[in-house]
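All chains should be modelled from the sequences, with the hints used to inform the complete structure.
Chains G and B, in that order, are what the protein sequence lines are.
First residue of the first sequence? That's 690 in my numbering, and the numbers climb one at a time after it.
First residue of the second sequence? That's 640 in my numbering, and the numbers climb one at a time after it.
These are calculated hints, taken from the structure and not from any lab test.
There may be inaccurate statements among the hints.
Chain G regions said to be covered by chain B (calculated; three or more residues, Cβ under 8 Å) [stated by the list, open to error]:
1. 721-734
2. 811-819
3. 825-839
Note that this is a predicted model, so its numbers are computed, not measured.
Backbone N, C-alpha and C fix where the C-beta goes; we use that ideal spot for every residue, glycine too.
Listed below are the residues making up each chain.
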Amino acid sequence: MDGALVVVQLLNGIQLGVLLFLVAAGLTLVFGIMDFVNLAHGALYMIGAFICASLTLALDSFLIAIALALPATFIVGYLIERVFICHLYHRDHLDQVLATFGLILVFDTLVHMLWGPAGISYPLPNWMNGQVNLFGFVDFPLYRLLIIFSGITVAIGLYFVIVRTKTGMLIRAGASNRTMISALGVNINQLFRYVFATGAMLAGFAGMIIAPITEASIGMGSDILLIAFVVIIIGGIGSIRGALIASLIVGLIDTMGRSFLDDLMKLFVSNQAAETSAPALSAMLVYILMAAILFFRPQGLFPPKTR
Amino acid sequence: MFKKALLAAAVCGLISAPAFAADSVKIGFITTLTTGAAVIGNDMKNAVDLAMEHIDSKMGDLDVEMIFEDDGFKPEIGKQKTDKLVKSDDVDFVAGFIWSHVLLASRKSALDAGKFLISSNAGPSQIAGKLCHENFFSTSWQNDQTPMAMGEVLNRNGVKNLYIMAPNYAAGKNMSAGVERTFNGTIVGKDLTKWGKDAQLDFSAELAKVKSSGAEALFVFYPGKAGGAFIKQYQQSGLSETTKLYTVFTVDAISLPKLQAGKLEGVLGSLATQFWSPDLDNAQNKKFVSSFKEKYGTYPSFYAAQSYDTVFLIKSAVEAVNGDLSNMDGMRAAMEKADYPSVRGPYSYGKNHFPIQNFYLREAVVDADGNWTTKIVDTIYENHQDTYVSECPL
Chain G
690 MDGALVVVQL LNGIQLGVLL FLVAAGLTLV FGIMDFVNLA HGALYMIGAF ICASLTLALD
750 SFLIAIALAL PATFIVGYLI ERVFICHLYH RDHLDQVLAT FGLILVFDTL VHMLWGPAGI
810 SYPLPNWMNG QVNLFGFVDF PLYRLLIIFS GITVAIGLYF VIVRTKTGML IRAGASNRTM
870 ISALGVNINQ LFRYVFATGA MLAGFAGMII APITEASIGM GSDILLIAFV VIIIGGIGSI
930 RGALIASLIV GLIDTMGRSF LDDLMKLFVS NQAAETSAPA LSAMLVYILM AAILFFRPQG
990 LFPPKTR
Chain B
640 MFKKALLAAA VCGLISAPAF AADSVKIGFI TTLTTGAAVI GNDMKNAVDL AMEHIDSKMG
700 DLDVEMIFED DGFKPEIGKQ KTDKLVKSDD VDFVAGFIWS HVLLASRKSA LDAGKFLISS
760 NAGPSQIAGK LCHENFFSTS WQNDQTPMAM GEVLNRNGVK NLYIMAPNYA AGKNMSAGVE
820 RTFNGTIVGK DLTKWGKDAQ LDFSAELAKV KSSGAEALFV FYPGKAGGAF IKQYQQSGLS
880 ETTKLYTVFT VDAISLPKLQ AGKLEGVLGS LATQFWSPDL DNAQNKKFVS SFKEKYGTYP
940 SFYAAQSYDT VFLIKSAVEA VNGDLSNMDG MRAAMEKADY PSVRGPYSYG KNHFPIQNFY
1000 LREAVVDADG NWTTKIVDTI YENHQDTYVS ECPL
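Given below as structure tokens:
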């Protein structure tokens, strides 16, 4: 174990965290501001990946494909909100869970029908495939560095919109007291529609940028959704800042756990025991943290000051 | 009066109905038809459908009824489906099984019901050893054999240190144990990654560890969709210059078309070991590969080859007893001879009913039509038997 490995694993952890943030941001906004449990968020992550995959293969350019797939996912999110979600705001959470769970199944089968069961693998442009030398002693894949930068840019952009613009102020006010805002003449329904669609676009963006590494495949939405919920519970529901900090924590714990837990355990137990239990334990660490947060600080680390 | 006549007529009708003998062979085939691993299941189903066409859905004078079931990549569902096949469908043979953990969970249900259990893929060490059973047959291999052949290849290529990566379940552990058994150098690191329906697909942390360990070779086992993801990340991590890739069950006719579509040329030239390859030169294999390509447009995978053999193995048993399916001993004796045209060429069975067969070294190449496939470059083991047969009490 040397310094270079630790730095690389830290960066890997941050990259995972940034990806989780993109998914969790949309989820926490919808849950916190519109009080809507959206299980279909993972399906939007998957759809973004597949749309981008098809466009990349058709147009032979990854960047153009992303530029086109982003508005496409925004439109898909908008349509879903318009057709299904808006009828469910007044229902209780269980009804919302059932409806959006049904949506997951519908989307999985839709993707299966349109793209087949095998998933799609698509290449990155050659210049993105290389390594970059950081701090003089660490080689890190360039593409993962780009993921980190794009995630941080999105985080800064979100902060700017929510805290510094009028739209952001309307969203925060609507979360605080929806009826009062519509009494003031703001079309709160249209506003929430855009929030939902933006969340969908963010999740789709996350899917688009991770799929060149792990392939676009049918189950991918459900895998990420579970962790995303854990992230927003740890961070505080409705808080973007909480989602960012929590996703970085979760990403780092998961990656550092996978990297160093087996070596750490070998100090206490036999090699055989360490090798078989370390992967299971490192997968559990994140959930143990969530349980601890729910026990000691159930409102999350950075609960928003609404209601 | 009229009612009585009607009742009498009905009873006569029932009595005069002929007594039915078994005039069909029922085979239950369990594979994964949903989840991302459905690509494998579909390949196996395609091979079985092709075999049924080639035998005209008949074995001897009996019609064949093939019932496909989906295990959803979960042991508990595999067991439920096995129970359904033996109890409510009353099949004569239970076959299939991609995953070792699903097979281990389902074996008792099939064997306790007195049915033949035929594995068309999974080969866990437990069933080759202590849990061996006279009614179990494999048309594939025992998990450890293919990686043992790879360990032999590593020795021949003068590799001194090795890093191992495999998924954390029964077969992953077998693969790791297999290569460790025959490899003479040092294992500088081993990572068993999370597996199952939500398997770990991002290997950034593990690949960073491989790089930092300075290993000259990397041995991996990642079947299904994890294989494509792994190879991509291996290429992106820049390891191909320092650490050569040796795989088992990762580079095959299922992952190669996707890798080709994604232009991942790093996989060409990589080496893998297997008991079979599409270019193996015998009459049955040539017929199988060419008709598979004609019907489905792609090369068959080894999963397909094993499933195709399963149908012919069962056929040899049914024909040997002239369709008398109650003659279990006769069918067993016939299957033990392995006297049917197999796509791997002639082979024999050990007492644990696992094949004693050759293992070859395969390289990923581009064929004459520009499709990516694998080609045999060397024979590593001839008539190799698995190491667990000595633990089998039969």
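Evaluated hints:
| no. | hint | result |
| --- | --- | --- |
| 1 | 721-734 | violated (count 0) |
| 2 | 811-819 | holds (count 5) |
| 3 | 825-839 | holds (count 4) |
In the structure shown, a violation is registered for the earlier hint numbered 1 alone.
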